[in-house]
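A.B. asks: These are the residues of each chain, in order.
2 protein chains.
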Amino acid sequence: MEEENNKKITIADVAKLAGVSKGTVDRVLHDRGGVSRKSMEKIRQVIDELGYEPNVYASMLAMRKEHVIACILPDSIKDDYWYLVREGFEKGGENIASMNIRTRIFLYDQYSPESFRKAGMQLLESNPSGVVLPPFFKNDTYTLANALSLRGIPYVYVDSKLEDDGHFAYYGMPMYKSGYLCARLLTLRVPQKQLKGVLVVRIIRDKMRQSDPTLNRRSGFLDYMAEYYPSCGIHNLFIDPQAPKDTERQLNTFFKAHPGIRHIVMFNSRVHLLSDYLSRNPDPDRVVVGFDNLEKNISALSSGLVSVLICQHTDLQSYNAVMALSDYIIKHKRPERKDNFMHMDILTSLNIDNY
Amino acid sequence: MEEENNKKITIADVAKLAGVSKGTVDRVLHDRGGVSRKSMEKIRQVIDELGYEPNVYASMLAMRKEHVIACILPDSIKDDYWYLVREGFEKGGENIASMNIRTRIFLYDQYSPESFRKAGMQLLESNPSGVVLPPFFKNDTYTLANALSLRGIPYVYVDSKLEDDGHFAYYGMPMYKSGYLCARLLTLRVPQKQLKGVLVVRIIRDKMRQSDPTLNRRSGFLDYMAEYYPSCGIHNLFIDPQAPKDTERQLNTFFKAHPGIRHIVMFNSRVHLLSDYLSRNPDPDRVVVGFDNLEKNISALSSGLVSVLICQHTDLQSYNAVMALSDYIIKHKRPERKDNFMHMDILTSLNIDNY
DNA sequence: TTTATTTTCGTGCACGTGCACGAAAAATTT
DNA sequence: AAATTTTTCGTGCACGTGCACGAAAATAAA
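If you read the protein sequences in the order shown, they are chains P and Z.
Mapping of the first sequence onto our numbering: position 304 corresponds to residue 293, and the numbering continues sequentially without gaps.
Mapping of the second sequence onto our numbering: position 311 corresponds to residue 300, and the numbering continues sequentially without gaps.
Heads up, a few of these hints could be off.
[Unchecked claim] Far from chain Z, some chain P residues (derived; all Cβ distances over 10 Å): (1) Ala4; (2) His19; (3) Lys27; (4) Glu42; (5) Glu79; (6) Leu96; (7) Ile142; (8) Tyr169; (9) Leu184; (10) Ala215; (11) Gly222; (12) Lys234; (13) Lys285; (14) Asp334.
[As the list claims (entries may be wrong)] Covered, in the sense of this in silico footprint (three residues per stretch, anywhere, with C-beta under 8 Å from a C-beta of chain Z), are these stretches of chain P: (15) 85 to 93; (16) 99 to 112; (17) 171 to 181.
Everything labelled a hint here was simulated from the structure, so no lab data went into it.
Ideal placement from N, C-alpha and C gives every residue a C-beta, glycine not left out.
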C-alpha cells in the first residue's frame, strides 16, 4: 500500500513536507504539547500520508532511560509452582538484556501479607517500566495494581487475574475447563458402572490467600463428574505437605477402607506428594491425574506413578508477560489480545520430552 | 559479577584503556583484519576485562543494510500443511518488521522440482541474511543448502532435516516418537484380545519427493503395535485426495469386509479427508487418530469425528526459525540448541481452544 | 505604542557504532 | 639512505531520534 520504493521515511522528511522543524514533529509524535493546532493537524496529516514509522533503534539509542521490568513473587523453594513462574520471567529477562531492559524480582513470604506489602513498596520505588503480577493476596494485590495504574505503569497478570480491567494483559489458564478436562482424562473409556469412586487429595492450607484459583478447577471437575458419572462417589482427603509420613499413613488407611477405588486426582501442582505412597503400593490399573510441570511431577510421570499431567506452560506465561511488556516499551505495541488463555497441554510418559 | 555500578561500557572506553582509537577496536570486534597482533591481544583483554557488550541499537542504526529473511515453500492452498508453515513465517515477519528486517517467501510448485530450483535461484538473488528451509526435494534442497553455506548465509531447517551439519538450526518434530505415541493413544486402555485390527489410511502420492518424513512416523507406530499388540492386524488403504467420492466408497467396502475394526489412523496431516465417511457412518466406539492442527482437522476433532490429534505446532516451527535468525542478525546470538524438537501436543475436543 | 508574558517553534548536540578515507608507521625494495 | 609498498591505525561523518535551550512569534497587559 505504501510506497516501498526506496528509503525509510524519517522525522526530517515529515518536517520538511509539513514546513516545520523536526523538533516540532517530535513534539506531536510524543504528545508533548506546545504545538499550535494548525501545525499539529498538518503534521499529523503528513505523517500518515507518508506512512512514517519511527526507527526503533534510533529511538532507543537516543532515549537514555534505563528500563526495568519487575515481578513480585512468593519466595519459593526450587521446584515449587512459583519457581516455574520465576524461571519464565528470568528467561524473558535474558532475552531482552541485550535490548538494555533489566528485570528485577521482588520476593515476599507467602505466609505474610505484611511482607507482600513491603515488597510491593520496594517494587514501586524501583520505578519500573512494567510489572509482571501474579495475584496472591487479593486485597493487597488490588492496592498494588491501583498504585501502578496511578503512575501509568503497565502491569500484566499471570497465573490468575483479579476483576480489574486496568491491566495491560493477562496470561493464564482457563481453570474451570482444566478441571473438566481433568475429569475426562481420569475416566477416559471407563464405563459408568465400572467406576467405583474417585479420590480427591487436597491440601490443608491456611486461609491467608483469599483467592485460590484451583477452586474453579474443582468446580469444572465436579460438573463433569455430575454429568457423566452422577452416581460416582467423590472422596476428599486432606494432607499436610510438611508431613509426608502422615500423608502415606492417611492414604494407606483410606485405601484399606476403599479397596475398589483406583482413580486419584489433585487440583494443585503437588501431585508429586503422592509419589512415596504410589511407588510403595504399585497398581497397574490405577489412574492418577495431576497438574503442572514441576520437575518432581515430571519424574513421577515418567516413572509411571502419575498417568497424566495437565500443564499450562507456567513458565511461558511469565515469559510472554515479559515479552509483551518489552514490546510495549520498545515498539509501543500492545499484544493482540488483552486476555490470553494458555493452551492446556496433556502430558503422558510418551510426550514429556522437549516440553 | 561485572561491576554494575553505573554506565554501560562503550567502544570508546575500551579504546582509551587499550591506548588505541575506537576504529581499531571496531576492527577487532568485527575481525576485519589490519590490526597488529600486539594491539589485538591488548584490546581483546580489555574487552573482557571491562565486560564490554555492544549496544544493539547503535549497531543496527549505524549499519544501514536492509536485512531480508527468506523462505522457500510449496505453493499451497489454504488449510494445507504448508500453509501452517507459511503462517508461522509470516507471523514472525510481522514481529520483526519494526526491527527493519523484512521477510520474503519464494513459492514453487510441489510437483515440479524444476520450479523449486527456479525459486531457489530467485531466493539467492534476493541476497537474504537468513533462510528458513523446509526440505522437500532432497537433492535440490542439498544444492540450495550448499549454495547458502558458500555465501555464509545461515539457514534453518524446519519440518524435517537433511543429513547435513551446516545448518544454523533445526525446528521440527520427532517423527518416530510421534508414531509411537499415536499407537498408544489409539489403543489406550484397550485389552489385547479386544483389538480386532487397525486401519491405516494412506495416500497415493507420486514419488517426486524423495524423502517423506511420515515414513519414520509409520515405523514408530508399527514398532509400538508389534510390541504391545503383536497379533493385531494392520490394514492399509490407499486413497486419492483428489477423489473424495472414491475415498468414501473404498472405506465403505473396507468396513463391510471388516466390521470389527474401529481403530483408524492416518500418518500425514490429512485425516480430515475421512470426515465425510465418518460423519455419514457414526459409531461411538470408533477411535480415529490423526496429525497436525489444520483447520479442517480441528473442526473434525471438535465435532467428534476424530478422537485425537497429535500436533507439533507447525506454525511455531517456522516462527521460531524466523526469530532465531533475527536474533542472530541483530544480536549475533545463536540459539541455545542447534536441533530443537518440538513438543508433541495431544489435542482432544476438550483442549482445542487457545491452541 | 511599548512592554511583559505566553505560546510556539528551530537549532544543535548527544546517544554508540560502522565504515570510508587517508595519514602514520613499519617493512621491503631500490 | 631514499623510495616504494604494505601494514597499521586515527579521524570524522552518518545513522534517526530525544530533548534542552533559547529565539521568534503571538498574545496580553501597560
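A.B. asks: Indicate, hint by hint, whether the structure satisfies it.
C.D. replies: Results of checking the hints against the structure:
In this structure P/Ala4 is separated from chain Z by more than 10 Å, as the shortest Cβ-Cβ distance comes to about 19 Å. The Cβ of P/His19 lies farther than 10 Å from every Cβ of chain Z, with a closest approach of about 17 Å, so its non-interface assignment holds. The beta carbon of P/Lys27 sits about 31 Å from the closest Cβ of chain Z, which is more than 10 Å, so the claim that it is off the interface holds. Distance check for P/Glu42 against chain Z: the nearest CB is about 7 Å away, which does not clear 10 Å, and the non-interface claim fails.
Against the 10 Å criterion, P/Glu79 stays outside the reach of chain Z, whose nearest CB is about 14 Å from its own CB. For P/Leu96, the requirement that its beta carbon stay farther than 10 Å from each beta carbon of chain Z is met, with the minimum near 19 Å. Here P/Ile142 stays apart from chain Z, with its beta-carbon at least about 22 Å from theirs, past the 10 Å limit. The Cβ of P/Tyr169 does not lie farther than 10 Å from every Cβ of chain Z; its closest approach is about 7 Å, which violates its non-interface assignment.
No beta-carbon of chain Z is positioned within 10 Å of the beta-carbon of P/Leu184; the least distance is around 13 Å. For P/Ala215, the non-interface assignment is confirmed: its Cβ lies about 16 Å from the closest Cβ of chain Z, beyond the 10 Å cut-off. With a least beta-carbon separation of about 21 Å from chain Z, P/Gly222 lies farther than 10 Å from that chain, consistent with its non-interface assignment. The Cβ of P/Lys234 lies farther than 10 Å from every Cβ of chain Z, with a closest approach of about 34 Å, so its non-interface assignment holds.
Taking the minimum C-beta to C-beta distance to chain Z, about 19 Å, the non-interface status of P/Lys285 holds against the 10 Å cut. For P/Asp334, the shortest C-beta to C-beta distance to chain Z comes to about 6 Å, within the 10 Å cut-off, and the non-interface label is violated. Check on the stretch 85 to 93 of chain P: 3 of its residues sit with their Cβ under 8 Å from a Cβ of chain Z, so the three-residue criterion for coverage holds. Beta-carbon proximity to chain Z at under 8 Å applies to 0 residues in the stretch 99 to 112 of chain P; the threshold of 3 is not reached and the given coverage is violated.
For the stretch 171 to 181 of chain P, the stated coverage by chain Z is satisfied: 4 residues place a CB nearer than 8 Å to a CB of that chain, which reaches the threshold of 3.
Checked against the numbered hints given earlier, the structure breaks hints 4, 8, 14, 16 and satisfies all the rest.
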